[in-house]
Amino acid sequence: MADSDGRQVDSINHSTGKICKELTKEEKQRLRKEKKQHKKNKKDDRGPPEKEKEKEKASVLAPSKPATQSPAHKAAPVPVNASASESPVAAEKPAKSKAEQRAERRARQDTERASKQGKKEGGQQSASSKPKATPNELQPVVKRLPEHIQVDDPAALKKLAKKLERQQVRQINIVPLRSDYGYKVSLFSHLHQYSRKNPPTQQISIPATVIHPSIVRLGLQYSQGIIAGSNARSVALLHAFKQVIQDYSTPPNEELSRDLVNKLSPYISFLSQCRPLSASMGNAIKHIKKEISNIPSQCKEEEAKRRLQECIDSYINEKIILASEAISKYAIEKISDGDVILVYGCSSLVNHILCEAFEKQRKFRVIVVDSRPRLEGREALRRLVKKGIRCTYVLISALSYILPEVSKVFLGAHALLANGYVMSRVGTSQIALVAKAYNVPVLVCCETYKFCERVQTDSFVSNELDDPDDLIVTRNGKTHLENWQTVKSLGLLNLVYDVTPPDFVDLVITDLGMIPCTSVPVVLRVKNVDQ
Amino acid sequence: SDEETLIYILDELVEYFRAQIREDPDVASAVAAIRSLLEFLKREQSETILGLRENMTKAIHRLEETDSSVAVSSGGELFLRFISLTSLEHPDLSQCKNVMIERGELFLKKISLSRGKVGKLCHTFIKDGAKILTHSSSRVVLKVLENAAADNKRFTVYVTESQPDSAGKLMAQKLCNLNIPVTVVLDAAVGYIMEKVDLVIVGAEGVVESGGVINKIGTYQMAVCSKAHNKPFYVVAESFKFVRLYPLNQQDVPDRFKYKADILKTVKDLNQEHPMIDYTPPSLITLLFTDLGVLTPSAVSDELIKLYL
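The listed protein sequences correspond, in order, to chains A and B.
Here full-length UniProt numbering is used: the first residue of the first sequence is 1, the next is one more, and so on.
Here full-length UniProt numbering is used: the first residue of the second sequence is 1, the next is one more, and so on.
It should be emphasised that the hints constitute simulated quantities derived from the structure, not laboratory data.
Glycine residues also receive a C-beta, built at the ideal position from the N, C-alpha and C atoms.
FRET-style restraints, in silico, Cβ to Cβ:
| # | chain 1 | residue 1 | chain 2 | residue 2 | range |
| --- | --- | --- | --- | --- | --- |
| 1 | A | Glu-255 | B | Leu-85 | 41 to 49 Å |
| 2 | B | Leu-85 | A | Tyr-438 | 38 to 46 Å |
| 3 | B | Val-27 | A | Asn-419 | 41 to 49 Å |
| 4 | B | Lys-268 | A | Phe-460 | 52 to 60 Å |
| 5 | A | Val-340 | B | Thr-124 | 43 to 51 Å |
| 6 | A | Glu-333 | B | Thr-266 | 24 to 32 Å |
| 7 | A | Pro-521 | B | Lys-131 | 35 to 43 Å |
| 8 | A | Leu-395 | B | Gly-116 | 58 to 66 Å |
| 9 | A | Val-461 | B | Thr-286 | 30 to 38 Å |
| 10 | A | Ser-293 | B | Arg-81 | 34 to 42 Å |
| 11 | B | Thr-124 | A | Lys-363 | 50 to 58 Å |
Partial list, derived from the structure: chain A residues whose beta carbon lies under 7 Å from chain B:
| # | residue |
| --- | --- |
| 12 | Ile-515 |
| 13 | Pro-516 |
| 14 | Thr-518 |
| 15 | Ser-519 |
| 16 | Val-522 |
Straight-line Cα separation of at most 25 Å, DSS-like style, residue types lysine-lysine; simulated pairs:
| # | chain 1 | residue 1 | chain 2 | residue 2 |
| --- | --- | --- | --- | --- |
| 17 | B | Lys-231 | A | Lys-436 |
| 18 | B | Lys-58 | A | Lys-329 |
| 19 | B | Lys-231 | B | Lys-127 |
Based on the sequences and whatever the hints tell you, model everything.
Here it is in structure tokens:
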């Protein structure tokens with residue numbers, strides 16, 4: 001590894017993110033020795049073929065763009081890139097003199113500094129979402145995808161692709177990078193927009209030994225919209241995980257508690273490629289991973305598997321089924337005879353509450369508000385009418401017309417954020433706003449497992465874009481938007497979620513009781529203390 | 001028999017409670033209730049802890065029937081929670097009871113001091129030359145004004161008459177005895193007088209989970225007026241008045257709090273009766289002064305979660 005001082009110190013500088021002055025020759029030599037030692041340890045862990053592949057790829061990248069290489073340096077494990085950058089560089093080294101190297105290094109540091117300012121939010125975020133300690137710990141085979149993906153940032157995308165490839169077990173491209181579809185409205189260009197006609201499984205190669213078939217099925221069900229609604233998605237996810245655990249067998253010389261977690265990571269990456277994970281799914285996954293890593297090492301495999309199955313069952317039972325019972329109990333106190341209740345879309349929890357209240361002989365009628373393109377309200381309408389509840393059905397455009405009749409509004413939630421904002425189906429914040437203007441109390445029903453530590457004050461920062469072709473509709477034999485892609489100035493926006501500020505929400509009903517929207521962080525704190 | 005002794009003790013309890021109120025009209029009804037409950041705990045005879053809890057709950061219900069204010073209900077529930085929030089793993093029931101009685105005495109001592117604490121906290125918010133508006137008769141507000149007067153501050157007080165029981169006139173009398181200049185105004189004159197006053201201080205019968213308060217009828221009106229004139233609206237309440245209710249609007253407050261206890265028992269059609277309390281939502285309240293500190297309305301729920309969960 002006959003590397004020159006110049007390049008070596010460069011990569012060190014890049015990795016630590018510092019703009020150092022020139023080091024003395026002794027210091028440089030010492031640093032070089034340390035780096036060598038690091039690399040040697042890393043090399044022993046990874047197989048040779050992978051290393052070569054990395055080197056090849058990196059060497060293709062290295063001569064082309066130093067600017068994009070520098071952020072790549074920062075995030076990925078440093079020694080690999082350093083070694084990769086060495087190979088093409090080593091050849092050129094003897095040609096340059098010391099002074100030229102120094103000048104080059106300064107120039108590179110300047111560009112790196114400039115690019116750093118440029119992508120403060122983007123690439124840095126995905127960089128910082130991974131622990132900086134990666135060079136020091138044992139190279140973990142798999143890494144989770146960062147939550148905040150900057151789709152319009154090419155460097156971040158490249159990093160993402162690299163990360164996905166690093167999650168390979170045997171060099172097969174298990175988790176494909178799904179490509180975006182159609183023109184995206186500029187405000188939301190940082191989000192993915194996939195088309196339902198290109199399922200993610202098209203690019204996967206079988207053998208299915210790499211991703212468990214129940215996970216593939218689940219991913220397809222998510223991406224095609226067959227399973228929708230946060231409770232349904234979480235429960236389906238947990239059942240698929242049960243199947244995975246059932247079929248899992250510990251490879252020799254591995255511990256179940258560590259290996260199983262690593263096996264789950266590519267599955268989770270695949271699922272988030274099919275459809276971004278919801279907050280409830282995130283919390284469920286965190287819980288399962290914690291349970292898995294808490295399995296004592298002397299536990300036999302069968303016993304461990306049984307324990308994990310039980311733990312998943314009890315999670316579903318406690319956090320979802322029993323929670324909805326507790327919430328119904330509190331909510332029924334708030335429903336009095338003669339009430340006119342407004343609901344929006346299809347929330348499994350709100351439907352459950354209304355059915356329970358009807359069984360307890362409360363006299364009320366329901367107004368179901370619906371919106372395109374999902375028209376989920378029809379499902380809610382079907383369930384309520386089957387029970388025998390008197391219902392009215394309107395579209396959201398008729399909201400201000402119908403609200404003077406309404407006495408209460410019941411809304412479901414996808415997640416409750418730590419600053420008290422409610423994240424729910426798009427249209428919810430509109431309903432809360434108009435209800436506030438008419439002085440109608442707004443009640444949000446949400447289980448505590450949907451409380452998430454994230455903070456968001458608007459609906460742009462983090463959202464989901466659905467297939468834009470869903471907005472195309474055929475009326476009277478004419479489909480006006482059929483060729484929307486050909487019109488350059490036209491963009492179709494199909495948002496899935498929006499956030500409602502806590503001033504519009506009067507009451508949140510959770511399984512812990514009735515709390516005001518501003519008390520969500522207290523509940524989170526209490527829960528963390530319990531755990 | 002057991003049933004008869006229980007009924008006898010419950011009657012004694014009610015008598016004790018009434019006697020307390022008679023002897024010391026200045027005591028908060030919740031404190032009197034808790035003192036009576038402590039006496040009840042000492043006298044009652046049950047064989048099991050579950051039986052003891054049931055008897056306590058019956059006692060609290062009985063007291064609520066006598067005096068239907070929110071404070072009695074909240075104080076009773078908090079008392080029950082406090083005494084049982086300890087390890088009751090002793091094998092002997094009498095030992096458990098002694099532990100509970102000890103904790104009961106501790107609770108009683110704590111809450112008897114709470115009014116003083118509130119007074120000390122709040123009087124610093126009254127500046128020299130201030131004009132204060134208050135509603136009906138509240139002993140906590142009286143204590144606050146007493147402390148402020150003792151601090152050599154000059155201020156004038158406007159009190160609403162507060163029909164139907166003219167409690168405002170009583171308050172005016174008490175303030176006169178403290179040499180504080182006071183004027184009695186009609187309930188209907190709140191909007192008229194609001195531009196003259198600097199701040200509004202009211203007491204509370206109960207503080208609900210949302211951070212709103214339940215108080216004598218007319219408080220909500222005053223709060224809306226003060227919001228319209230951008231005057232601060234302060235509520236002073238002891239912590240034993242925190243109650244696990246969450247009303248969404250005026251109709252949502254349970255009937256058992258709205259009307260006096262004897263009216264609830266005798267009258268069939270409550271639509272003809274006039275409610276004695278109303279609910280003020282948290283958006284109209286600036287600050288709450290409690291013995292737990294000075295709280296914003298949203299912090300009340302945090303405190304309640306700590307107390308109850």
